Amino acid sequence: MSQSLADYLKESAKVIVEAVDHIPEAKINAAVDLCISALKNGKSILTCGNGGSAADATHIAGELVMRFLKDRKAFRCICLSDNSGTITACANDVDYSAIFERQVEAFGDAGGVLIAISTSGNSPNVVRAVEKAKSMGIKVIGLTGLGGGKLAPHCDVLLDAPSKYTPYIQQVHECLYHYLCGAIEDRMIAG
Numbered sequence: 151m152s153q154s155l156a157d158y159l160k161e162s163a164k165v166i167v168e169a170v171d172h173i174p175e176a177k178i179n180a181a182v183d184l185c186i187s188a189l190k191n192g193k194s195i196l197t198c199g200n201g202g203s204a205a206d207a208t209h210i211a212g213e214l215v216m217r218f219l220k221d222r223k224a225f226r227c228i229c230l231s232d233n234s235g236t237i238t239a240c241a242n243d244v245d246y247s248a249i250f251e252r253q254v255e256a257f258g259d260a261g262g263v264l265i266a267i268s269t270s271g272n273s274p275n276v277v278r279a280v281e282k283a284k285s286m287g288i289k290v291i292g293l294t295g296l297g298g299g300k301l302a303p304h305c306d307v308l309l310d311a312p313s314k315y316t317p318y319i320q321q322v323h324e325c326l327y328h329y330l331c332g333a334i335e336d337r338m339i340a341g
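Following the working numbering, the numbering of the sequence shown begins with 151 at its first residue and continues without gaps.
Hints are supplied without guarantee of correctness; some may be wrong.
Distance ranges between label pairs, derived from CB positions [stated by the list, open to error]:
no., residue 1, residue 2, range
1, 337, 242, 17 to 25 Å
2, 337, 285, 23 to 31 Å
3, 164, 341, 22 to 30 Å
4, 212, 180, 42 to 50 Å
5, 162, 236, 18 to 26 Å
6, 167, 287, 13 to 21 Å
7, 180, 223, 21 to 29 Å
8, 161, 272, 31 to 39 Å
9, 285, 164, 38 to 46 Å
When the alpha-carbon atoms are kept at most 30 Å apart in a straight line, the in silico BS3-like pairs for lysine-lysine are as follows [to be verified]:
no., residue 1, residue 2
10, 284, 164
11, 282, 190
12, 190, 160
13, 164, 190
14, 190, 284
15, 223, 314
16, 193, 160
Keep in mind the hints are simulated off the structure, nothing from the lab.
On a predicted model such as this, the values are computed, not experimentally measured, just so you know.
Cβ coordinates follow ideal geometry from the N, Cα and C atoms, glycine included.
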């Protein structure tokens, strides 16, 4: 990196603080509402992303299935980035851009939620998954960089980090999904 650690951390913090004004609390609460509605109605939350966003999708599923901060029953959440057999079969036999779309078709149901993560908002396989989800009556929460790219018009709730720089976007995403998981857990336990 061409900048010092101190400068990198200061810039990271600046982007996170900018997210306070850029993403109104009403937006994240709308995302929480979608997830709560799905879970209370016995529907699944699906997550997907590529690379670092795949790791974030896995992280979200782990927090919801196991626990975030409180001991409680498991919540229905499936990370579509985690099934290497399905992903490689689809990439080899169909097309890599269909890896999440096919799984949305298999595991999604109307009234459920897809949390689609793409720092650019333009990942073809994530866009196709979102399009499939919308056609099935599945609500979509998008985690993207500034503006949302091609995902933006398909999202019921767009949580776009105020940056075009992938590391800063991912840092904001981690704050957002930790908040999301905590709020889901609190509200589901409360009733």
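So if I understand the rule, the pair passes when the alpha-carbon distance is 30 Å or less; does residue 164 with residue 190 pass? 37 Å, violated
Lying within 17 to 25 Å: is that true of the beta-carbon distance residue 337 to residue 242? Violated, since residue 337 and residue 242 (Cβ atoms, about 42 Å apart) do not stay within the stated range.
Assuming the hint says 22 to 30 Å, is it satisfied by the Cβ distance from residue 164 to residue 341 or not? The hint (22 to 30 Å, Cβ to Cβ) is violated, given that residue 164 and residue 341 are roughly 38 Å apart.
State, for the Cβ atoms of residue 167 and residue 287, whether the hinted interval 13 to 21 Å holds or is violated. Hint violated: Cβ distance 37 Å, outside 13 to 21 Å.
Check the following: the C-beta atoms of residue 212 and residue 180 are separated by a distance inside 42 to 50 Å. 23 Å, violated
Quickly compare the C-alpha distance for residue 282 and residue 190 to 30 Å and report which way the hint goes. Holds, at about 23 Å.
31 to 39 Å as the expected CB spacing between residue 272 and residue 161, which holds or is violated: 24 Å, violated
Holds or violated: 38 to 46 Å for the Cβ distance of residue 285 and residue 164? 39 Å, holds
Agreement of residue 190 and residue 284 with the hint, judged by alpha carbon distance not exceeding 30 Å: 20 Å, holds
Within a Cα-Cα threshold of 30 Å, do residue 190 and residue 160 meet the stated pairing? At roughly 40 Å apart (the allowed maximum being 30 Å), residue 160 and residue 190 break the hint.
For residue 162 and residue 236, compare the CB-CB distance with the range 18 to 26 Å and indicate the outcome. 35 Å, violated
If you draw a straight line from the CA of residue 193 to the CA of residue 160, is it 30 Å or shorter? With Cα atoms ~41 Å apart, residue 193 and residue 160 exceed 30 Å; violated.
Of the hints listed earlier, those the structure fails to meet are numbers 1, 3, 4, 5, 6, 8, 10, 12, 13, 15, 16, in rising order.
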